[in-house]
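With chain A's structure known, arrange chain B on it following the hints.
This is what each chain is made of:
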Amino acid sequence: MNVLFKKKKIPMLLFLAPVVILFSLIIVIPLIQSAVMGFTEWDGVNKAVFIGLENYQKLFRSRDLAISIRNSLLYSAILTVYQVGLGTFFAYAIVNFEFKTKNVFRNIYFFPVLLSVSVVAQLWISIYHGDFGLINQMAKAMGSDWSQNWLNEPVKGVVAIVLAEAWKGMGYHMLIIYAAMRNVAKVYYEAAYIDGASKGQQFFHITLPLTIPTIKVCIVMCITYGFRAFEMIHLMTAGGPGNYSYTLPIMMYKALFGLQKYGYGSAIAVVIVVICVGLMLAINKLTARFDQQY
Amino acid sequence: MVFVIMILYGIICLYPVIWMGFYSLKTNEEIFVTNPFGPPLDPQWSNYVKAATKYDIFLYFKNSVIVSLASMFLGILASLMFTYVVARVRVRTTRFLHALVMAGMFIPIQAVMTPLVVMVKNLHLSNTRWSLIIPYVALSFPFAVMVLYGFYRSLPLDLEESAYIEGAGFFRTYFSIIFPQLKSVISVLVIYQFMSHWNEFSLALILITKNNLKTLPLGLAGFYGQFSTDWGPVGAALVIASLPVIILYLFFSNQVSDAMAYSGMKN
Numbered sequence: 001m002n003v004l005f006k007k008k009k010i011p012m013l014l015f016l017a018p019v020v021i022l023f024s025l026i027i028v029i030p031l032i033q034s035a036v037m038g039f040t041e042w043d044g045v046n047k048a049v050f051i052g053l054e055n056y057q058k059l060f061r062s063r064d065l066a067i068s069i070r071n072s073l074l075y076s077a078i079l080t081v082y083q084v085g086l087g088t089f090f091a092y093a094i095v096n097f098e099f100k101t102k103n104v105f106r107n108i109y110f111f112p113v114l115l116s117v118s119v120v121a122q123l124w125i126s127i128y129h130g131d132f133g134l135i136n137q138m139a140k141a142m143g144s145d146w147s148q149n150w151l152n153e154p155v156k157g158v159v160a161i162v163l164a165e166a167w168k169g170m171g172y173h174m175l176i177i178y179a180a181m182r183n184v185a186k187v188y189y190e191a192a193y194i195d196g197a198s199k200g201q202q203f204f205h206i207t208l209p210l211t212i213p214t215i216k217v218c219i220v221m222c223i224t225y226g227f228r229a230f231e232m233i234h235l236m237t238a239g240g241p242g243n244y245s246y247t248l249p250i251m252m253y254k255a256l257f258g259l260q261k262y263g264y265g266s267a268i269a270v271v272i273v274v275i276c277v278g279l280m281l282a283i284n285k286l287t288a289r290f291d292q293q294y
Numbered sequence: 001m002v003f004v005i006m007i008l009y010g011i012i013c014l015y016p017v018i019w020m021g022f023y024s025l026k027t028n029e030e031i032f033v034t035n036p037f038g039p040p041l042d043p044q045w046s047n048y049v050k051a052a053t054k055y056d057i058f059l060y061f062k063n064s065v066i067v068s069l070a071s072m073f074l075g076i077l078a079s080l081m082f083t084y085v086v087a088r089v090r091v092r093t094t095r096f097l098h099a100l101v102m103a104g105m106f107i108p109i110q111a112v113m114t115p116l117v118v119m120v121k122n123l124h125l126s127n128t129r130w131s132l133i134i135p136y137v138a139l140s141f142p143f144a145v146m147v148l149y150g151f152y153r154s155l156p157l158d159l160e161e162s163a164y165i166e167g168a169g170f171f172r173t174y175f176s177i178i179f180p181q182l183k184s185v186i187s188v189l190v191i192y193q194f195m196s197h198w199n200e201f202s203l204a205l206i207l208i209t210k211n212n213l214k215t216l217p218l219g220l221a222g223f224y225g226q227f228s229t230d231w232g233p234v235g236a237a238l239v240i241a242s243l244p245v246i247i248l249y250l251f252f253s254n255q256v257s258d259a260m261a262y263s264g265m266k267n
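Each protein sequence line maps, in turn, to chains A and B.
Quick note on the numbering used here: the first sequence kicks off at 1 and runs consecutively.
Quick note on the numbering used here: the second sequence kicks off at 1 and runs consecutively.
The following block holds chain A by itself, in its conformation from the complex (with noise of 0.2 Å):
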């Protein structure tokens, strides 16, 4: 330790209280009792059971569990070609071509990302209404008959629901490969420039290499999203028509706010857990060679 420092343990420990109180019984205690929850059957007043992997077993049985990681993968695929996808293709656009109002395509794209979750889900829900809402009626408009309750849709249900929840995340991703894109010193692009490399070879040669690591991020960021996508479903179809827009999440809070199965439901926040730190130790692992390459 820092000599300067030696004397002054009590205020230290003031300093680092705060933080380390509220921190262990937020997140640190309630962490290790869904763990242990989790081996119980427990409705949240009676004294909890202990029925070691009893929930474990009723979830892999359960017919909910196919379809929600069917919507999951669904979620992650959508969501990582959509945002970081279009995310990088414009943040390469603004940081590279020379037009005025980059700026303002720059905050445009930001724009749905600012807006509540709650809003979103309303807006895409008229966008999405069977009768008037805007994607039937601009149909309509242009003459064909063709029109859709889109949300009450399995398949296409799902899919509308991740589109919205794309569009409010872009400029999210963009924004985030842009500032890394920024960092990429000029001097790589003149020489470039000086070899003759055009826009798409200085693409593919100069930025995608040096920014990887952080669009690694960003992917990682979309793929564990699949797996903990609750609000916009939530907020849009609760789940439905019947389970068809299930995802682990929602499982989840059905168990705990319709059966009341804290159990149950602390053993789905387990398997959602390791399936998002696995996800992203794989990713990390699989994609670790990119890092090390320049």
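What the hints contain is simulated information worked out from the structure, not anything from laboratory work.
Errors might be hidden in some of the hints.
[Unchecked claim] Okay, derived cross-link-like pairs now, PhoX-like style, lysine-lysine, Cα gap no bigger than 25 Å in a straight line:
#1 K254(A) x K121(B)
#2 K210(B) x K121(B)
#3 K102(A) x K199(A)
#4 K47(A) x K121(B)
#5 K216(A) x K186(A)
#6 K186(A) x K102(A)
#7 K100(A) x K199(A)
#8 K210(B) x K254(A)
#9 K254(A) x K47(A)
Quick look at chain B alone, frame taken from chain A:
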């Protein structure tokens, strides 16, 4: 070509929101039949009056302001103090605490939800604002600590050294010498934390059931749905709810962008 795509996507970003603004000023007949796309021909300001009186929008607004400001203030203060010690004194305990808080970044919120519901009930905090503020404060630590840690490490130790030689104590040194150096990083945190608390939905949903404590995102969710027929007033309520962040962004767009870009470094 790229320019055309950019303009097209710009329209996709903005038009839905403008459309919402339009229909907040229309009658149902105008939205559904006569004029679905364009600006309102006969603006129905009464929709806004209805939204303000029929829905408890200002109540939710007030709750959101209180909860967001309190969580933001307490969260940043606690993180400032904690990170200072962790960044200045690097022994085994502080390294462990730092790593522990940073690991919180990877924990999905669902992992702590059930025990939080139980805890709030047991501590008799159900349906108080503290039941939201305390978790919000705790959940804001990982990001704040990450941002502050790098910043503190870049401050030279000479600052404290000279203060201590002149006989200033620990607290005085911190608040009068170190704290003033942190303006720029605190402004980033203020914006980021305020916006994330303002828009938080999941925890509010499970922890608040009383109508008069609902925050804006939760309150908004209560009066609409797939089958709502009152489009005009609902649109008006959505516009009112979105105004604060829009105004914030109009004035501080660069700071907001910086704050968001920071969060991308979190892995």
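Results for each hint:
The hinted pair formed by K254(A) and K121(B) meets the criterion: a straight-line CA distance of about 19 Å does not exceed 25 Å. In summary, the hint linking K210(B) to K121(B) is supported, as the alpha carbons are separated by about 14 Å, within the 25 Å threshold. Only pairs whose Cα atoms come within 25 Å are accepted, and K102(A) paired with K199(A) is accepted, the gap being roughly 17 Å. Under the criterion of a C-alpha separation no larger than 25 Å, the hint pairing K47(A) with K121(B) is consistent with the structure, at around 16 Å.
With a CA separation close to 23 Å, the supplied pair K216(A) and K186(A) stays within the 25 Å bound. Our distance criterion of 25 Å between C-alpha atoms is met by K186(A) and K102(A), whose separation comes to about 18 Å. A hinted pair counts as satisfied when its Cα atoms are at most 25 Å apart, and K100(A) with K199(A) qualifies at roughly 19 Å. Between the alpha carbons of K210(B) and K254(A) the distance comes to roughly 20 Å, so the proposed pair stays at or under 25 Å and holds.
Simply put, K254(A) and K47(A) have alpha-carbon atoms about 21 Å apart, close enough for the 25 Å limit, and the pair holds.
Of the numbered hints stated above, none is contradicted by the structure.
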